[in-house]
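Please assemble the complex out of the two chains, which come individually in their own frames, going by the hints.
Protein chains in written order, with the UniProt record's numbering: chain A, 1 to 493; chain B, 1 to 260.
Derived by calculation from the structure, the hints in this document are not laboratory data. Where a beta carbon is used, it is the ideal one built from N, C-alpha and C, also for glycine. Treat the hints with caution; some may be incorrect.
Here are the computed lysine to aspartate or glutamate pairs in the EDC-like style, where the Cα-Cα straight-line distance is at most 20 Å [said to hold, decoys possible]:
#, chain 1, residue 1, chain 2, residue 2
1, B, Lys162, B, Asp123
2, A, Lys227, B, Glu149
3, A, Lys222, B, Glu46
4, A, Lys186, B, Asp174
5, A, Lys222, B, Glu51
6, A, Lys81, B, Glu98
Which residues of chain A face chain B? A few of them, derived with a C-beta cut under 7 Å, are [unchecked claim]:
#, residue
7, Leu306
8, Thr320
9, Arg337
10, Asn366
11, Ser380
12, Pro386
13, Ala414
14, Glu445
15, Asp481
16, Ala485
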Amino acid sequence: MWNRRQGRLRPVGCGVEELRRRRREREAALRKARREQQLVSKRLLRDDTPEEAESGCMDLILGEAEIQQFLWSAQRGTEEKEREGALASLRRGLQRPETQQTFIRLEGSMRTLVGLLTSNQALLQLEAARCLHELSHSEQSAVAEACLPATSYLLTYLSGHSSDFIELCLYTLGNLIVESEAVRSKLLPQGIVPALAACIQSPHQTVLEALGYALSQLLQAKEAPEKIIPSVLGSTLPQHMLQLLQPGPKLNPGVAVEFAWCLHYIICSQVNNALLITHGALSTLGLLLLDLAGAVQRSEDAGLELLVCPVLRCLSNLLTEPAVDAVGGQMELRDERIVASLFILLQFFLQKQPSLLPEGLWLLNNLTANSPSFCTSLLSLDLIEPLLQLLPVSNVVSVLVLTVLCNVAEKGPAYCWHLWPGPLLSSLLDTLAFSDTEVVGQTLELLQLLFLYRPETAQAFLQQSGLQALKRHEEEAQLQDRVHALQQTALHG
Amino acid sequence: MQLPPALHARLVAGPGSAEPLPVERDPAAGAAPFRFAARLVRFPREHEFFEDGDVQRHLYLQDVLTQVAEAPERPRVPEFACQVAGCCQVFDTLEDYEHHYHTQHRNTCSFCKRAFPSGHLLDIHILEWHDSLFQILSQRQDMYQCLVEGCTEKFKTSKDRKDHLVRRHLYPADFRFDRPKEGRGPATPTASLQVSAGAPGDNGKQSEGDAMEVCSEHTLPPTEPTGERRACSRRIPPTICFGHGASRGFKSSKKRNKHQ
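Isolated chain B, as found in the complex (with noise of 0.2 Å):
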């Protein structure tokens, strides 16, 4: 297909429009037996005329298409730590520590070392936690937010919210950023410390807390040292702290292992 040399040239040059050339249409133009008209025409989103490009776009969803890519290699680097305070984990790639920082520090409670998934979590929690306010203003008032992005409802208890998440959301019954604040001081582990044996609280790393742990009731084989585990759990307060920024109640996993 030749086109005009001057074409490029058009398009580089600025806007602009074409003076249009005088219309004149004469009744009998497009008069049976002949049909034309101008027309618009639109094409619905199942019609065969999309046929062809739809399966181009599958058939590069797919990978099937060649194309001139290399993934990047990543860079690997003398080992590092983590620089913050109580947390010895080191990386050699700046990815690995990138996610590690994301998940376990950026959006973590200054009170209670409880790391959250998102800054949004992390602001319901701090409000419905450590805010006396809170508590004060939620006997009058519904004050528990949804968790939903988006979902603008309220309620009065954290159970009603917890019943509202699973109806009407969706959610598991057991979603694990949501976990019931009992009694007035922080959690008690009866209701949410629950902790298999592979949480990570080793090393004097940061408490993960309740917010992200690995549900005992999940693992496979049910073992006797689980029960044993959750035992102890119970048996030490929750406001005694094994040196600073260990997870509450419990020493490192290599003592908790030695009890097996």
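One chain only, chain A, in its complex shape (with noise of 0.2 Å):
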């Protein structure tokens, strides 16, 4: 499907087990990195034949001389297959961190490199590309830096038209992209947003989504809303991106997922939502949504929740713009399928990744918190009963859930009226049981709503022993004032 190197990337003869612990691993790590706000990853891209895979000289280390005997073949052997063979092999020693060590630290290397990636021997430029690649993807700053002489020759190419060379041009480049603000600090000046809004308009798939991983890695920069996205949103990159975000057939999820991020880093940090709203945004990932939802149902949704993610994010923040509400209201939103969608989406989540449903439901939230119609869609699509089953899941889905029925409960009367006689009260009850405070409180909020706006409730509350429930909380600080006031209300009206 998208990744249609992955099948090679697993190491042979690793168990489910061994696998498992390594992805643990590695999410602990990326966690612990997020925390400090150094959340980087580089792409590798590996495309080994099958006959070097078994010919077992992967994994090689290099010495200097290696190195050297390589080059000099590649730049002056006599016959192609040869200086194409040297190249490969230094390639594959390449991915060694002690090759790429000691070939960074050979005076003149990287010239010769360089000379050979601008050469016109087609195969051979590409086999220096790679070359170039495995040193990019380093996690060593030295190595990845020693690149730097050959991105001005790796942004012309990016005008070209061979699609695998250009592919490997910005999978090099993205990696390079986020080796640090010095590399980023270089590569703006030469014209890096210009030369990828040119490449944008290929048609190829596999150039589009390497494109999309290079510019998402820009825009994560931590300078990124200061110094790099004014000038994207200046260029013709948004409608470009927004146009490969069309659902239809020809949406290819690899891609999409690449600029949904790229998106995600725009919007988030709030430089200027309005022009992308203007572009039509909010259309193009409302039915995006419904699209995604549509291949749930279908069942079409191997790694979907990666492209589901970004795209409720852009949605959520971009709803708390004002001009959403100059553009004529939540126009493009009013279609309640969007509620729709969101359910199927949810229900998608909690079998597939529980952890991204606070994402589904801060979406929720935004879409109902000033909404009378999608209020009343929750209650006439019969979605109250659905919330209340993921009240269970977690403290922090919990709150979200409540927020959005006290969303609901707070239009009034006629609202409430709906919400009870139903399973909401006895759900209500039970969350009064937890100890988590937040959860409590938000539980507090929404009888007080009820109690308020349909009085028969607080008479079913007291029959189903309300008040008991309510005492566990006196004493508590945060609490208490609010229990008070309930317990008032339940017995005196």
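Printed below as a string of structure tokens:
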């Protein structure tokens, strides 16, 4: 499907348990990195041919003399195959950090490599680019930064036509971009944004996916809101990005994932979201959400959460923009199919990725907070009960569910009329048994609204031992005033 | 999570919105000690709310997530040769041929056979090297345009442009796609022709010209042959061509190697 090189990267002879363990380790490392605001990841594009994999000469640590020999053969060999072979051997060696270190310390090595990169021997060029790519993927700054002399050429080649080569250049650039602000502050004056804007018109899906990756890395940078996003917004990139997110038969999931994340980084930086709204971002993303829910319904949902997540984030954040009202209210999003889609996706998350439930509920909050229409949809589409089923998942989820229910209840008696009789009250009595203060606090808020707009609820509450449930929290500092007020209301009306 | 069956049907049906129930708020709602107010929530980029989703994204980038994907095998075809006149490269995959074609033939100057990485650079080259009107106009106004896409600056001389590329765009001073054209005719060898032993101008292929050559000063152990070749290149005037489509001033590399 998307990651066409995926199958080859899995280490051979690795058991399922081993894979799971590695994944847990990686996940822990990523969480730690994110908390330190150091979340960067590089993408490795390795396309070993079956012959190479079998010949067992992968994973070779090369010494200085060998590297020199390979470079020399690549430059001066008489036979083309010999020259390509020499570079290929170098490339395999460069998969190892030790070789990379030796390479960058060797005087003139990078200049030679750049020379081969810009030779007009096409296949030699490709191999040289692969060598550079291996180097760019290194986690050691010195190695990645050694690639800098090549960047002006990599950018120049983005205007070329050879899709494989361009793809490689893009992934290499993407890896270099995350390396440091120093690298980025060199790439920006070299014209990376216009180069990407020109390249995004390529018809090749592989090129587009690579471009999206590189751009997402650029936009994720710490200094992006001030130094990068304004020029991206000033280019033709936003329109093309939105085009690539249009739902329909031409939508390529791998490409869409990258550009959805690009949009997310732009939107959550809050530089000029009004501009995106005028380009139709809300409409495109809304329709895309419908499309994704449809895919889930048809069970064509492998890896879909990777795309749904940034789409949800973009929509949720965009809905907070004042420009939304200026564009005739939530016009594009008055369609209640959005709510239907969201619930289908929530169910999907519950099965596949429960940690993403809060993000879905965040969107639901932003949809319902100021919209009587969507609150009515929740009622008319019978979505209250499914919502309640999410309460036990986690405290964060509970608070969000209760907030959405409050959004509905606060609109008045006509809304609360539909909330009781029904399963809501007994669910609230259950949540009162939680110990989390925020969950209980939100429950109390909802109870107040219900008692106010649908007084019969108070009666039922009393009958179902509501007072005892409240008593538990009488001593809790953050809750006691509200507990007391509810007790009064329930008893005396 | 049980969804009502009608929901799926709703998704498939056309757009529409619910007629909203009447809204009627009581001032007591959310009044102290209560505090609920319906509000839109936004999260900035570094907020911890995004942690889980961000971690998933990066696991994907690191290719740890398992996916069902089989890399397509590159089909091998019987060897075939490039059809462009004077080029006799052979290939056994279409992708290799595609890359060769784009690199060597697609953006090739029909006047001097130099190959360029993009149409943009080719256009600039033709203008600056083969357009006599350009020569005339450039004496009166700034005609040398910056090579970086998106930069609209123009300069009086190619040296000024190079300075701009280096200072403003942090380009290398020896950027290979910006050979200065000196004199009135095609570039003289002294300024621009720097060829190393490995320059693939052999077998009568299309001349790569200066644009995409491997620079000799970048070779590893400096050897005599390099110097010798440079001397060779200077002795042969650029206007002499050995055979059609051959590199200017050189015979095939096989012959060159014999001099070693």
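Now for the hints, and whether the structure bears them out:
1. For the hint pairing lysine 162/B with aspartate 123/B, the CA-to-CA distance comes to about 17 Å; that is within 20 Å, so the pair holds.
2. Restraint check for lysine 227/A and glutamate 149/B: the C-alpha separation of about 19 Å stays at or below 20 Å, so the hint holds.
3. Using a Cα cut-off of 20 Å, the hinted pair lysine 222/A and glutamate 46/B holds, with the two alpha carbons roughly 10 Å apart.
4. For the suggested pair lysine 186/A and aspartate 174/B, the alpha carbons sit about 17 Å apart, so the restraint of at most 20 Å is met.
5. Restraint check for lysine 222/A and glutamate 51/B: the C-alpha separation of about 16 Å stays at or below 20 Å, so the hint holds.
6. Taking the CA atoms of lysine 81/A and glutamate 98/B, the gap is near 18 Å; set against the 20 Å cutoff, the hint holds.
7. This hint holds: leucine 306/A has a C-beta 6 Å from the nearest C-beta of chain B, less than the 7 Å allowed.
8. The interface hint given for threonine 320/A holds, since its Cβ lies 4 Å from the closest Cβ of chain B, which is under the 7 Å cut-off.
9. At about 6 Å, the closest approach between the beta carbon of arginine 337/A and any beta carbon in chain B falls short of 7 Å, and the interface hint on this residue holds.
10. Of the supplied interface hints, the one on asparagine 366/A holds, with its beta-carbon coming within about 5 Å of a beta-carbon of chain B, less than 7 Å.
11. The beta carbon of serine 380/A comes within 5 Å of a beta carbon in chain B, closer than 7 Å, and the hint placing it at the interface holds.
12. With a cut of 7 Å, the hint placing proline 386/A at the interface with chain B holds, because the nearest CB-to-CB distance is about 5 Å.
13. The closest approach between the C-beta of alanine 414/A and any C-beta of chain B is roughly 4 Å, which is under the 7 Å cut-off, so the hint is satisfied.
14. Given hint, glutamate 445/A at the interface with chain B, holds; its Cβ is 4 Å from that chain's nearest Cβ, closer than 7 Å.
15. For aspartate 481/A, the shortest C-beta to C-beta distance to chain B is roughly 4 Å, which falls under 7 Å, so the interface hint holds.
16. For alanine 485/A, the suggested interface contact is upheld, since its CB lies about 6 Å from the closest CB of chain B, less than 7 Å.
Hint compliance for this structure: every hint is met.
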